[in-house]
Amino acid sequence: MNEVDYIILPCKFMRCPQNRILLVNEVGEYLYLTEEEFEGLASYQLEPDSRIYYDLKSKHFLSDSERSLPSQVNLLATKYRTKKAYLRHFTSLHMVVVTLRCNQICNYCHASSKDDTARSYDMDVDTAKKVVDMIFESPSPSIKIEFQGGEPLLNFTIVEEIVKYAEKTNKAKRKNLSFVLCTNLTLINQDILEYLKKHTVLISTSLDGPKALHDANRIMRCGGSSYDKVIDKLKLTRAVMGNENVSALMTTTNNNLGNLNQIIDEYVELGFQGVFLRSLNPYGYAKTGHNEKLQYDMDDFVSAYKKAIEYIITLNQKGAYFVEYFATILLTRILTPFSTGFMDLQSPAGVGILGAIYDFNGDVYPSDEGRMLAAMGDSHFRLGNVKRNTHAELFYSPLLQKIIHNSCVEIVPSCHSCAYQQFCGTDPIRAYSQQNDKNYFGCIPTSEFCKKYKQIISYFMDMIRENDQAVMDVFWSWVTRRKYNEVRIK
Amino acid sequence: MKSLQGISTNIHSSITGVITKRTSRNWFKRKDKITILCVNDQSGKIAHADAYILAGESAHKHNLDAPVVHGISQAELNDLNDGDVVLLTRDGKIKVIYSIKSNHNAIFATNRCNLHCLMCPQPSSSDAEDILKNNISLIGMMDPNRTEYLAITGGEPTVLGEGLLDLIQECKKHLPKTALAILTNGLKLAEIDFVRKIAGVNHPDLIFAIPLYSDNDAIHDMTVGVPGSFYKTIKGLHNLALFRYKVEIRTVIHALNNDRILQLSEFIYRNFPFTSHVALMALEMTGIAKVNTEKLWIDPYDYTTELAKAVQYLHRADMNVSIYNHQLCTLPSSLWQYSRKSISGWKNSFLEECSCCVQKSKCGGFFETGRGYSSKHIHPFL
Amino acid sequence: MKKIVTKIEDNRMLVTLHKAFYEKLAIMSAAHGLTDSFVVMVEPYDEEYTAVYFEPKKDIQIVESGLYEAVQEFCNRVLDEQLRLDIEKRYGNIRDMIVKQAFAPVTEAQLSKELSADPGNKK
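Read top to bottom, the protein sequences are chains A, B and C.
Residue 1 is where the first sequence starts when you use our numbering, and the numbers rise one by one after that.
Residue 1 is where the second sequence starts when you use our numbering, and the numbers rise one by one after that.
Residue 1 is where the third sequence starts when you use our numbering, and the numbers rise one by one after that.
Hints are computed from structural coordinates only; laboratory data are not their basis.
One or more hints might be untrue.
[Said to hold, decoys possible] So, partial list: chain C residues that the calculated Cβ filter (under 8 Å) puts toward chain A:
| hint | residue |
| --- | --- |
| 1 | T16 |
| 2 | T35 |
| 3 | D36 |
| 4 | V39 |
| 5 | T50 |
| 6 | L79 |
| 7 | Q82 |
| 8 | R95 |
| 9 | M97 |
[What the hints assert, rightly or not] Here are the simulated lysine to aspartate or glutamate pairs, DMTMM-like style, with alpha carbons at most 20 Å apart:
| hint | chain 1 | residue 1 | chain 2 | residue 2 |
| --- | --- | --- | --- | --- |
| 10 | A | K452 | C | D96 |
| 11 | A | K483 | A | D299 |
| 12 | A | K83 | B | D79 |
| 13 | B | K101 | B | E162 |
| 14 | A | K483 | B | D318 |
| 15 | C | K89 | A | D299 |
| 16 | A | K451 | C | E43 |
| 17 | A | K452 | A | D299 |
| 18 | A | K454 | C | D96 |
| 19 | B | K309 | A | D5 |
| 20 | A | K83 | C | D96 |
| 21 | B | K295 | A | D49 |
| 22 | C | K19 | C | D80 |
| 23 | B | K246 | B | D221 |
| 24 | A | K451 | C | D96 |
| 25 | A | K454 | C | E23 |
| 26 | C | K89 | A | D64 |
| 27 | C | K57 | A | E448 |
| 28 | A | K84 | C | E43 |
| 29 | C | K24 | C | D10 |
| 30 | C | K89 | A | E410 |
| 31 | B | K309 | B | E294 |
| 32 | B | K309 | A | E466 |
The beta-carbon is built from N, C-alpha and C at its ideal position, and this holds for glycine as well.
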């Protein structure tokens, strides 16, 4: 048979169950082919007027004329630029650890929190001002300052100082400035809430489910349950701030992995619009000593995650608007042409270039994981300190450059040819700490990180391929932030 | 456009003017506009005007020197409105080129075109020398307070080159509150300098309505008759987006492309997510389309499954989508909310079986020009 | 006739691949994907063939049929990796063009001129 004159545009392929081959290109467009169609493509024998030929051409998997190639490259370039738009403005998320002190001592805490009287772990005014100065050196037109800890409310005066100084600095800088307070809510009161409302500080709290599940992991330092306090304060917070300004996240551990539905029910009942089903970070208290029993096998996590997603889908179909935030990010990458900035799973990784963290003493790290490693004795990822280094020394350092360079999926062995490349990302810091790779690549075939994400991405791709209309309606409702009934055509 | 036939007197070459129905002798006559007075059959003495339209046989009664068209019925005269702009021809035609009550007013910028679409309802021809001049004065005769929408169409408006800029400029000057739509195939917009020049005019409310017939060049180029058009149109769309212009993408569904409307919808969302509106249109069987019936005709009922999938996809992606030129009885009821009454009044007609249909007032109706080509599945809802 | 897949010891397999058809890089990429369960060694076998040795890792329990299955899987993977290499060699420069164009400043690029000179390394 004669060979047909076309060229194959850059793409990745993956063999899937039922003898299907998935093709994905640089801009996240995807197509499933049968064995026969794939062989036809690879041996240049597809019929130029067949449906599959048109599909491949329209999604930029092949190009068949000298006239069309420059146009297709232009289109692909525009779409590629769109997908990488999150890189455009550099560091926009700035996490500030105002104190290491905490009045709780949660089992999995990776802040390695200190006793609530240990004031030497508080950020002081001088450091705080230098941190804000450094933050405003970022070229990003949007700045989000996120207060973390320990428990930030234990050093609320510094929170106020930072807000005041940032607002003052912003009068000249005129950036889009926003604030988030990450708090366990137990110490919040009317005065604080009114202050937060006045300065439009959003609240992010932690809720691990109904009382039994929440209290199993999230314990008061002085002993006793935290759940009742949290619920109580949540009501007060909502009353002052409004529902939409409070969000919550949870951490899965062996204690609650089998009960995700209960946690979801709790969130729905309390009026949250969504949840982030986070897997356990292998840092901090979760890794050391007696809390290894919190750990679970990654396969178990994925299994529980899938069941939870199925449950959440059903809830949406029954009328509730409730999303899973990580799923929404993945679906946005697969179904839409748009960019998603998500530090934990990005290529190049978001560490430093999307977000950075400033410790109570002014030390700067590209991510919280880097800070945790330092707290456990390995300061490899410390970029420097706001009191001693310039912005360029921190954010353009050879260290950060190497990390970012080696965090590109295109050059990580195994990631380099994976079809999920454009939906996925890397975690160079985890590769260093979990797999001991001084070059930050990690080893993908044995990586828990890859195991988790590959399975989850496959799960969503399978559902998209099955194309159940009611499920697709839910997915699109999450991606476009509309209710299920608005998306459905009746 | 709407056209009436009467008998002309004293008309040596076509006259364009604004209709007025005032009969009082004290009204103020604007010197820069040609006024055409409509006179009822029963009128006595009439006021001074540049030209007249008379109902019935009253021409003899009034003994006018000015250009006159007479012999139309009273009903037809009543249909003309104060502020309408008409063209009176030597052979007694009254062409309504601007209707003050309509939302579908258009400027026919040119008869020429740079494509050869298989389904072109308006075959191209050459332009009269003064077409641009006439259009510019037409714009000047439109009422700036009562013209919400205006389209510039043709032919292909961009073949005018700088002439198009003049039209846009005139609209900006004389009709600053009017939303202007340019209906174009987008080919010339692939030249970024041309788009830059349009941007230089700085019209406050401009939208470009551009047709795309397929998600791939083979079918699109076959439909428009010129190889290379697909990729030029795409470049044009992106150039417009670069200058932040509002863009609407239209497609006409026919036998060659009806099996890929879903793929086209995906293509639009993935490549032109900035599109303000997508219009999925049925074929108008007139002009060149009639010559190509064999190639093009498909019963719209036969592609409703694909159409429904396309609409579902675009709706899910939160894009504005409309269905034009389809009858409600050929569409599943779930799609009725997207079907618009897109056929302008004077072009619209219904079949006999529609007279008792309870959905008639909501239905888009049929093209008068498309007689003989309607779905086998037309039936009234009782 | 040389056997492509041979069993050497109780739980050790050898695969020989002809150099004319299977490049070293393709073999390495395919082997890398199996390093979660196997210890894989790649060596020259003779002038024409490359040898790949498979042995399950210490803590992996595997039956003989499982071992053969894994090796068959490997052989298929090498074919895929070779295809990837071929495509990359012919068309990899297009991806470079896409990325370069994507991050070029917003002016009319020279790209069209570049592309019409070399539209991918056609076979």
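Quick rundown of the hints versus the structure:
1. T16: Nearest chain A Cβ about 23 Å off; hint violated.
2. T35: Nearest chain A Cβ about 5 Å off; hint holds.
3. D36: D36 of chain C check passes; min Cβ-Cβ to chain A is 4 Å, inside 8 Å.
4. V39: violated (12 Å)
5. T50: violated (19 Å)
6. L79: violated (10 Å)
7. Q82: violated (11 Å)
8. R95: The hint holds - R95 of chain C has a Cβ within 8 Å of chain A, the shortest such distance being about 4 Å.
9. M97: For M97 of chain C, the interface hint holds, since the closest Cβ of chain A sits about 6 Å away, which is under 8 Å.
10. A:K452 - C:D96: Status violated; Cα separation ~30 Å.
11. A:K483 - A:D299: violated (32 Å)
12. A:K83 - B:D79: Since the Cα atoms of K83 of chain A and D79 of chain B sit roughly 55 Å apart, the hinted pair is violated (cutoff 20 Å).
13. B:K101 - B:E162: Between K101 of chain B and E162 of chain B the Cα gap is close to 31 Å, so the pair fails against 20 Å, i.e. violated.
14. A:K483 - B:D318: holds (12 Å)
15. C:K89 - A:D299: violated (37 Å)
16. A:K451 - C:E43: violated (29 Å)
17. A:K452 - A:D299: holds (7 Å)
18. A:K454 - C:D96: violated (26 Å)
19. B:K309 - A:D5: violated (33 Å)
20. A:K83 - C:D96: holds (16 Å)
21. B:K295 - A:D49: holds (17 Å)
22. C:K19 - C:D80: holds (16 Å)
23. B:K246 - B:D221: violated (24 Å)
24. A:K451 - C:D96: violated (29 Å)
25. A:K454 - C:E23: violated (27 Å)
26. C:K89 - A:D64: Holds: K89 of chain C and D64 of chain A sit about 18 Å apart, inside 20 Å.
27. C:K57 - A:E448: Distance ~18 Å between K57 of chain C and E448 of chain A Cα, so the pair holds.
28. A:K84 - C:E43: violated (41 Å)
29. C:K24 - C:D10: violated (27 Å)
30. C:K89 - A:E410: holds (15 Å)
31. B:K309 - B:E294: violated (26 Å)
32. B:K309 - A:E466: holds (15 Å)
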